[in-house]
Amino acid sequence: MMIDHPLLGPRDAQEFTYLGDASLIDRPDWQAEDAVDQFHDYLYLRDNPAGEHRELWFHEVGDRSWLVVTRNTLTHQITSVELARDVARSRGRSK
Amino acid sequence: MKYSGLRVIKEALTGHRGWGPAWRDPEPQKSYDYVIIGGGGHGLATAYYLAKHFGKKRIAVLEKGWIGGGNVGRNTTIIRSNYLLDGNEPFYEYSLKLWEGLEQELNYNAMVSQRGILNLYHSDGQRDAFVRRGNAMILNGADAELLDVDQIRARYPFLDFENARFPIKGGLAQHRGGTVRHDAVAWGYARGADSHGVDILQNCEVTGLRIEAGAIRGVETSRGYIGAGKVASCVAGSSSRVMALADIRLPIESHVLQAFVSEGLKPVLPGVITFGAGHFYCSQSDKGGLVFGGDIDGYNSYAQRGNLPTVEDVCESGMALIPALGRARLLRMWGGVMDMSMDGSPIIDRTHIDGLYFNGGWCYGGFKATPASGMCYAHLLATDTPHETATAYRLDRFRRGRMIDEKGVGAQPNLH
Ligand SMILES: Cc1cc2nc3c(=O)[nH]c(=O)nc-3n(C[C@H](O)[C@H](O)[C@H](O)COP(=O)(O)OP(=O)(O)OC[C@H]3O[C@@H](n4cnc5c(N)ncnc54)[C@H](O)[C@@H]3O)c2cc1C
Chain S
1 MMIDHPLLGP
11 RDAQEFTYLG
21 DASLIDRPDW
31 QAEDAVDQFH
41 DYLYLRDNPA
51 GEHRELWFHE
61 VGDRSWLVVT
71 RNTLTHQITS
81 VELARDVARS
91 RGRSK
Chain L
96 MKYSGLRVIK
106 EALTGHRGWG
116 PAWRDPEPQK
126 SYDYVIIGGG
136 GHGLATAYYL
146 AKHFGKKRIA
156 VLEKGWIGGG
166 NVGRNTTIIR
176 SNYLLDGNEP
186 FYEYSLKLWE
196 GLEQELNYNA
206 MVSQRGILNL
216 YHSDGQRDAF
226 VRRGNAMILN
236 GADAELLDVD
246 QIRARYPFLD
256 FENARFPIKG
266 GLAQHRGGTV
276 RHDAVAWGYA
286 RGADSHGVDI
296 LQNCEVTGLR
306 IEAGAIRGVE
316 TSRGYIGAGK
326 VASCVAGSSS
336 RVMALADIRL
346 PIESHVLQAF
356 VSEGLKPVLP
366 GVITFGAGHF
376 YCSQSDKGGL
386 VFGGDIDGYN
396 SYAQRGNLPT
406 VEDVCESGMA
416 LIPALGRARL
426 LRMWGGVMDM
436 SMDGSPIIDR
446 THIDGLYFNG
456 GWCYGGFKAT
466 PASGMCYAHL
476 LATDTPHETA
486 TAYRLDRFRR
496 GRMIDEKGVG
506 AQPNLH
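These protein sequence lines map, in sequence, to chains S and L. When you number the first sequence by our numbering, it's gap-free, plus one each residue, and the end is 95. When you number the second sequence by our numbering, it's gap-free, plus one each residue, and the end is 511.
Take these hints with a grain of salt, some might be off.
Quick partial rundown of chain L residues pointing at chain S, CB under 10 Å, derived from the structure [to be verified]:
1. Tyr98
2. Ser99
3. Gly100
4. Arg102
5. His148
6. Ser335
7. Ala339
8. Ala341
9. Glu348
10. Gly393
11. Asn395
12. Arg400
13. Asn402
14. Arg494
15. Asn509
Derived by calculation from the structure, the hints in this document are not laboratory data. Glycine included, C-beta positions come from ideal geometry on N, C-alpha and C.
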């Protein structure tokens, strides 16, 4: 698989390590009333779809940036690659 | 029809005209007491034990393709019970005991071959961990023996003992481990289940679960609606897809695992060996092919095929262990979709929906579990209590902090 890095262009997926579902960006609020339930779901439960999947890849032997890759789990085709930083910011995660 | 040596001779003399199909191809009935989704090893074994050992009737196994087309027909066929943790080891040892009696039980040649499995170690720390594991196995009634380099040399003289980076220092052997002909396991259980009245419905994909007032009523399928008292999901890599039909999210990711087989060779590899400095396991099939594999590819996948970096990685590990492997040509390679759980251990449990049960999360080690998984799942379905060897396999164990994490890597399915 080739991952079209937004800054570096197409790179071999071998250069990356894989974390999992991009919903991991949405870390729950630890002060919420139901924080225990939220963290359980966040840590352990996954949609695990057959089809389009947004997921986190880390460019470990490259520029060490985190990417959100949209990839089809049935065909392995990658349709979009974003910097995880941009995705997180657009969701109000980081400043 | 009972299979026997005598029967083979009789058929040979009469032109093999007396063999009938090993199981029926019935039309679906309107409803069943038990509907098992998934005609892999686990689903067929569950149906068999439910009918034979628990005396239940009106049972169907629903398979979307053909039985044995999933992981049971794609794995590297290794059986063993060399686990460390309490929640696992009694279950896998029970499974190994069931394997030992399986062919007589089923009257079917599943080619159960206890040729032994040897896990090599390459460092002092790894040796200590293996000693501990071996003791845990022995405490649970399994067999384990720590072998030194000379003992290993006698059996496997062609390994790369002096490898500069990963010299072989010894190994943990389980002599009762080995291999089983995987397809024959599916067929043997199918034939046994069928002969006890189980309907095996192929080309019958479950597309919906009918749930009313918190209880299961039946399943929508590609062959029409089928009513059911109890519905038992047993679909391995498709677990999340099927349980999503009941709006249940699972602690599971689906990942692809590849396997490889070389051209047929004369007997070279007497048992199963695994490399301790990478992930590589290898045995020789009765046809002569070297059957081997390594890690999962590492990203979510339902594709049943993997990518080249993993092929390279597996072959490098193989070459580091058995340099002669480089002379053999690769004949075939394929992939299967693994139900990787969050702690690397399986789930056999009911759900919060009355009459809906779940079996999955087998990762890449569920073939060896087939007999015990079937027996324990049947036990749960028949009695609504867990089998004594499967009490730890609860669906809510992550919430309760009762993970069974053999590898100690946490909630990262691609590392188990
Ligand atoms: C390459 C590879 C190597 C492996 N090596 C080993 C090994 O050496 N030792 C070991 O112990 N384990 C090994 N495993 C793991 C083992 O094969 C699996 O854990 C085990 O087979 C899973 O259980 P099963 O046989 O019931 O699954 P499967 O055979 O996959 O059965 C599940 C069935 O459910 C069906 N299904 C799915 N969705 C639906 C639906 N909606 N409706 C109806 N039917 C449906 C599928 O078609 C499939 O036939 C390996 C797996 C792979 C892929």
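Here is what the structure says about each hint:
The restraint placing L/Tyr98 at the interface with chain S is violated, with a minimum CB-CB distance near 39 Å, outside the 10 Å limit. Look at L/Ser99: its Cβ only gets to about 45 Å from chain S, farther than 10 Å, so that hint breaks. The interface hint given for L/Gly100 is broken, as the beta carbon of that residue sits about 46 Å from the closest beta carbon of chain S, more than 10 Å. Given the 10 Å rule on beta carbons, the hint for L/Arg102 is violated: about 44 Å separates it from the nearest Cβ of chain S.
Violation of the interface hint for L/His148 is found here, the shortest Cβ-Cβ separation to chain S being roughly 33 Å, above the 10 Å cut-off. Here the hint on L/Ser335 is kept, as its CB sits about 4 Å from the closest CB of chain S, short of 10 Å. A least Cβ separation of about 8 Å between L/Ala339 and chain S falls short of the 10 Å threshold, and the interface hint therefore holds. Against a cut-off of 10 Å between C-beta atoms, the interface hint on L/Ala341 is violated, since the closest Cβ of chain S lies about 14 Å away.
Because the beta carbon of L/Glu348 sits about 5 Å from the nearest beta carbon in chain S, less than 10 Å, this interface hint is met. Interface hint status for L/Gly393: upheld, as the beta-carbon distance to the closest one in chain S is roughly 5 Å, under 10 Å. Satisfaction of the interface hint for L/Asn395 is found here, the shortest Cβ-Cβ separation to chain S being roughly 5 Å, below the 10 Å cut-off. Below 10 Å, beta-carbon pairs count as interface contacts, and L/Arg400 has one with chain S at about 8 Å; its hint therefore holds.
For L/Asn402, the suggested interface contact is upheld, since its CB lies about 6 Å from the closest CB of chain S, less than 10 Å. At about 5 Å, the closest approach between the beta carbon of L/Arg494 and any beta carbon in chain S falls short of 10 Å, and the interface hint on this residue holds. Satisfaction of the interface hint for L/Asn509 is found here, the shortest Cβ-Cβ separation to chain S being roughly 6 Å, below the 10 Å cut-off.
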